[in-house]
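Student: Protein sequence lines correspond, in order, to chains B and F. Counting the first sequence from 1 gives a position; our numbering is that position plus 512. Counting the second sequence from 1 gives a position; our numbering is that position plus 512.
Treat the hints with caution; some may be incorrect.
No distinction is drawn between identical chains; accordingly, a pair holds when it is met within one copy or between any pair of copies.
[Unchecked claim] In the SDA-like style, the derived pairs of lysine to any residue whose C-alpha atoms are separated by at most 20 Å in a straight line are:
#, residue 1, residue 2
1, LYS516, HIS576
2, LYS570, GLU548
3, LYS516, SER773
4, LYS759, LYS791
5, LYS515, GLY816
6, LYS586, LEU701
7, LYS559, ILE539
8, LYS516, ARG566
9, LYS586, GLY703
10, LYS791, GLY735
11, LYS759, GLU556
12, LYS586, HIS704
13, LYS559, GLY735
14, LYS788, MET777
15, LYS791, GLY763
16, LYS791, PHE774
17, LYS776, ARG790
18, LYS586, ASP700
19, LYS791, ARG766
Note that these hints are calculated values from the structure, not bench results. Only a predicted model underlies this, so the values are computations on that prediction, with no experimental measurement involved.
There are 2 protein chains.
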Amino acid sequence: MNKKIVIALDGMGGDNAPAMVVNGAHIALERYPQTEFLLYGDEERLKPLLARHRALRKVTTIHHTTSVVSGEDKPSTALRKRRDSSMWQAIAAVESGAAHCVVSAGNTGALMAMAKFVLRTLPGIDRPAIASFLPTTRGETVMLDLGANIEVDANNLVEFAVMGEVFARTVLGLTNPSVGLLNVGQEDLKGHDELRDAHAMLKRENLPVNYHGFVEGNDIGAGTVDVVVTDGFTGNIALKTIEGTAKLYTGFVRDAFRTSSFAKMGYLLASGAWRKLRKRVDPRRYNGGVFLGLNGVCVKSHGGTDALGFAHAVGVAVDMVRYNFNELVTEDFKRLREALGYAQEQGAAAAAAVQAAST
Amino acid sequence: MNKKIVIALDGMGGDNAPAMVVNGAHIALERYPQTEFLLYGDEERLKPLLARHRALRKVTTIHHTTSVVSGEDKPSTALRKRRDSSMWQAIAAVESGAAHCVVSAGNTGALMAMAKFVLRTLPGIDRPAIASFLPTTRGETVMLDLGANIEVDANNLVEFAVMGEVFARTVLGLTNPSVGLLNVGQEDLKGHDELRDAHAMLKRENLPVNYHGFVEGNDIGAGTVDVVVTDGFTGNIALKTIEGTAKLYTGFVRDAFRTSSFAKMGYLLASGAWRKLRKRVDPRRYNGGVFLGLNGVCVKSHGGTDALGFAHAVGVAVDMVRYNFNELVTEDFKRLREALGYAQEQGAAAAAAVQAAST
Numbered sequence: 513m514n515k516k517i518v519i520a521l522d523g524m525g526g527d528n529a530p531a532m533v534v535n536g537a538h539i540a541l542e543r544y545p546q547t548e549f550l551l552y553g554d555e556e557r558l559k560p561l562l563a564r565h566r567a568l569r570k571v572t573t574i575h576h577t578t579s580v581v582s583g584e585d586k587p588s589t590a591l592r593k594r595r596d597s598s599m600w601q602a603i604a605a606v607e608s609g610a611a612h613c614v615v616s617a618g619n620t621g622a623l624m625a626m627a628k629f630v631l632r633t634l635p636g637i638d639r640p641a642i643a644s645f646l647p648t649t650r651g652e653t654v655m656l657d658l659g660a661n662i663e664v665d666a667n668n669l670v671e672f673a674v675m676g677e678v679f680a681r682t683v684l685g686l687t688n689p690s691v692g693l694l695n696v697g698q699e700d701l702k703g704h705d706e707l708r709d710a711h712a713m714l715k716r717e718n719l720p721v722n723y724h725g726f727v728e729g730n731d732i733g734a735g736t737v738d739v740v741v742t743d744g745f746t747g748n749i750a751l752k753t754i755e756g757t758a759k760l761y762t763g764f765v766r767d768a769f770r771t772s773s774f775a776k777m778g779y780l781l782a783s784g785a786w787r788k789l790r791k792r793v794d795p796r797r798y799n800g801g802v803f804l805g806l807n808g809v810c811v812k813s814h815g816g817t818d819a820l821g822f823a824h825a826v827g828v829a830v831d832m833v834r835y836n837f838n839e840l841v842t843e844d845f846k847r848l849r850e851a852l853g854y855a856q857e858q859g860a861a862a863a864a865a866v867q868a869a870s871t
Numbered sequence: 513m514n515k516k517i518v519i520a521l522d523g524m525g526g527d528n529a530p531a532m533v534v535n536g537a538h539i540a541l542e543r544y545p546q547t548e549f550l551l552y553g554d555e556e557r558l559k560p561l562l563a564r565h566r567a568l569r570k571v572t573t574i575h576h577t578t579s580v581v582s583g584e585d586k587p588s589t590a591l592r593k594r595r596d597s598s599m600w601q602a603i604a605a606v607e608s609g610a611a612h613c614v615v616s617a618g619n620t621g622a623l624m625a626m627a628k629f630v631l632r633t634l635p636g637i638d639r640p641a642i643a644s645f646l647p648t649t650r651g652e653t654v655m656l657d658l659g660a661n662i663e664v665d666a667n668n669l670v671e672f673a674v675m676g677e678v679f680a681r682t683v684l685g686l687t688n689p690s691v692g693l694l695n696v697g698q699e700d701l702k703g704h705d706e707l708r709d710a711h712a713m714l715k716r717e718n719l720p721v722n723y724h725g726f727v728e729g730n731d732i733g734a735g736t737v738d739v740v741v742t743d744g745f746t747g748n749i750a751l752k753t754i755e756g757t758a759k760l761y762t763g764f765v766r767d768a769f770r771t772s773s774f775a776k777m778g779y780l781l782a783s784g785a786w787r788k789l790r791k792r793v794d795p796r797r798y799n800g801g802v803f804l805g806l807n808g809v810c811v812k813s814h815g816g817t818d819a820l821g822f823a824h825a826v827g828v829a830v831d832m833v834r835y836n837f838n839e840l841v842t843e844d845f846k847r848l849r850e851a852l853g854y855a856q857e858q859g860a861a862a863a864a865a866v867q868a869a870s871t
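The task is simple: from the sequences and hints, build the whole structure.
Tutor: This is the structure we're talking about:
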């Protein structure tokens, strides 16, 4: 438990980089004293930022890089032209063994493309996905994909379901996590073809996934299932909608308790409760996104995050290294992949039967 | 203002129908005394429910219908086989002039298919959409489509933008409402082809829409734009995700104020503020969905709503009749349609140019 954990940081990724990255690393170091950082980016900009944090400076090595992946870069462009970027070099540090994990708040598409190219996927995984925890009335739910795959087919969704199930089992420690497919209704006929086909496949009893069925947007917060599976477009919209609603609520609560002297007094008396509430619903607690399906720990932080949110993303990476997450996933996935391959054949037949019945 | 408003109700639509519909009408009548109801459904089930509400019974006429549209019915099946249903007959009452508007909490796809078939669309509108208000930090935002069109093309999205703009102008009373397209990022290259093409069309300066650009999930609650445009799949997920998050927050706040005696005392002192807050964020306030683009006022209530939520949906219909909403939309749309037709040609050229540049 006391082994050093070396974290490669993309110093230039994110709307508020590089200051947010350095300040985030500073917060993370206070929380996880046995970490070291390899900080990739423009040395001239990083050095004065790092100079403000004495402890961090001691455990951080700056690696100067000459280019930056922008939010406008297409993944294909990033792959071809950004090998000298902070993002690429940070990922490469994991591949070479210099770092245990990499954290970036940069362009998601580029990060995924590079991570796939440099780290490679786990055997049998076609499309890695981004997963994260979300707060629910019942505790926490894992949702994936949160933005790595804008368009998916039924097989991808089934793969996400299996990966999400393993993630919930190994990281959340659940024994038989339930899995739901995000849709606009619970009936078999709702949604896109891809969803209906994946639904038919996942309903197979012999698949090693405790499949609940279709779930809707309100089921995310209700914690109806332990794992919510969706495509990256819908998942990203849902995730950011949750964040926006959380912010809205925080403002509403603040306003409500400013309306009268009684309310203000009540607010003061309840200030401990109020702090607890804010901590519980702070979207920055849920800021880390994990790339599932890659041969290496790669955590994506939101592009618009601040230092505290970035520090949380670093914390997720530290936890994954500490608890050998990827090794456990790899082991479990080998076992699941056989069942999945079998179930996909069965599922394709079931999907064909559904299609035949509906025409 | 004192004219009678006759409302056709689908008595059998919704998870909690018919009791929820009758109880909802009861609440609506208390709020809008000059309303009358045509209640369509199973007379044997409706009569005893209605018997409990003396005032409502006096202004309600039950029209017995022999079939019900279920949540499992495909729109095409509903169109072919459910002409004697409560849903169909309630819509037909608007077409015949017997009612001013129709409210249903039934199967969205079937309701839209029937409403399109019976009421027809406004001239030049291909795909009607469902719009609703959502609470934001800046007031209220209109979002559409919320579930009528699971798959859309770029032209549909542009039509939604124009209809939403008119809706915000006429119903919310805004002079120059801003419109955003919901996406997974703000950059031109983000999202599906349909989104990028619609984005290119809407960016044309001569289009009579104050187009803000792409917005993300968190922009909904932030109120970044007055109108959020999206496809019906994403809109439905976002809407229900907001509801789920709102419920989650309400629970979190309640829990927080139960943690200590101080907190409980504070809670009691602030109970007025607390009531105000709950009212402000009650998802039932935002329960009415309006079908835009149809020759008749048709309001869709959520399938899972309760009587209070259904009463709010009735209130939206009453307001639309009272303020001649559809007449205003028709007038404004005629003017906008010409500009839109022009802009679509320009937009197609712009989209083609974008595509050519990106290959």
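Student: All hints are to be evaluated individually against the structure, with a verdict given for each.
Tutor: Taking the hints in turn, this is what the structure says about them:
In this assembly of identical chains, the alpha carbons of LYS516 and HIS576 never lie at most 20 Å apart, being 23 Å within a copy and 75 Å across copies at closest. With identical chains, the CA atoms of LYS570 and GLU548 are at most 20 Å apart within one copy only, with a shortest distance of 9 Å there and 77 Å across copies. In the homo-oligomer, the alpha carbons of LYS516 and SER773 never lie at most 20 Å apart, since the shortest distance is 52 Å inside one protomer and 44 Å across protomers. In this homomeric assembly, LYS759 and LYS791 come within 20 Å of each other (Cα to Cα) both inside a single copy, at 13 Å, and across copies, at 17 Å.
Proximity of LYS515 and GLY816 under a CA criterion of 20 Å is satisfied in neither setting, with 32 Å inside one chain copy and 52 Å between copies. In the homo-oligomer, the alpha carbons of LYS586 and LEU701 lie at most 20 Å apart only across protomers (8 Å), although the nearest pairing inside one protomer, at 35 Å, exceeds that limit. Taking the shortest Cα distances, LYS559 and ILE539 sit within 20 Å of each other inside one copy (17 Å), while across copies they are farther apart (66 Å). Only within a single protomer do LYS516 and ARG566 lie at most 20 Å apart by alpha-carbon distance; the minimum there is 19 Å, versus 75 Å between protomers.
Within a single copy, LYS586 and GLY703 get their C-alpha atoms only as close as 29 Å, which misses the 20 Å cut-off; across copies the closest is 12 Å, which meets it. Taking CA atoms no more than 20 Å apart as the test, LYS791 paired with GLY735 passes inside one copy only; the shortest distance there is 19 Å, against 24 Å between copies. Proximity of LYS759 to GLU556 under the C-alpha cut-off of 20 Å is found in neither arrangement, the shortest distances being 35 Å within a copy and 48 Å between copies. In this homomeric assembly, LYS586 and HIS704 come within 20 Å of each other (Cα to Cα) only across copies, at 13 Å, whereas the closest approach inside a single copy is 27 Å.
Neither within a single protomer nor between protomers do LYS559 and GLY735 lie at most 20 Å apart by alpha-carbon distance, with minima of 44 Å and 38 Å respectively. Within a single copy, LYS788 and MET777 get their C-alpha atoms as close as 18 Å, and across copies as close as 16 Å, so both meet the 20 Å cut-off. In the homo-oligomer, the alpha carbons of LYS791 and GLY763 lie at most 20 Å apart both inside one protomer (15 Å) and across protomers (14 Å), since each shortest distance falls under that limit. In the homo-oligomer, the alpha carbons of LYS791 and PHE774 lie at most 20 Å apart only across protomers (19 Å), although the nearest pairing inside one protomer, at 24 Å, exceeds that limit.
For a Cα distance limit of 20 Å, the shortest separation of LYS776 from ARG790 qualifies both inside one copy, at 17 Å, and across copies, at 17 Å. Taking the shortest Cα distances, LYS586 and ASP700 sit within 20 Å of each other only across copies (11 Å), while inside one copy they are farther apart (36 Å). In this homomeric assembly, LYS791 and ARG766 come within 20 Å of each other (Cα to Cα) both inside a single copy, at 15 Å, and across copies, at 15 Å.
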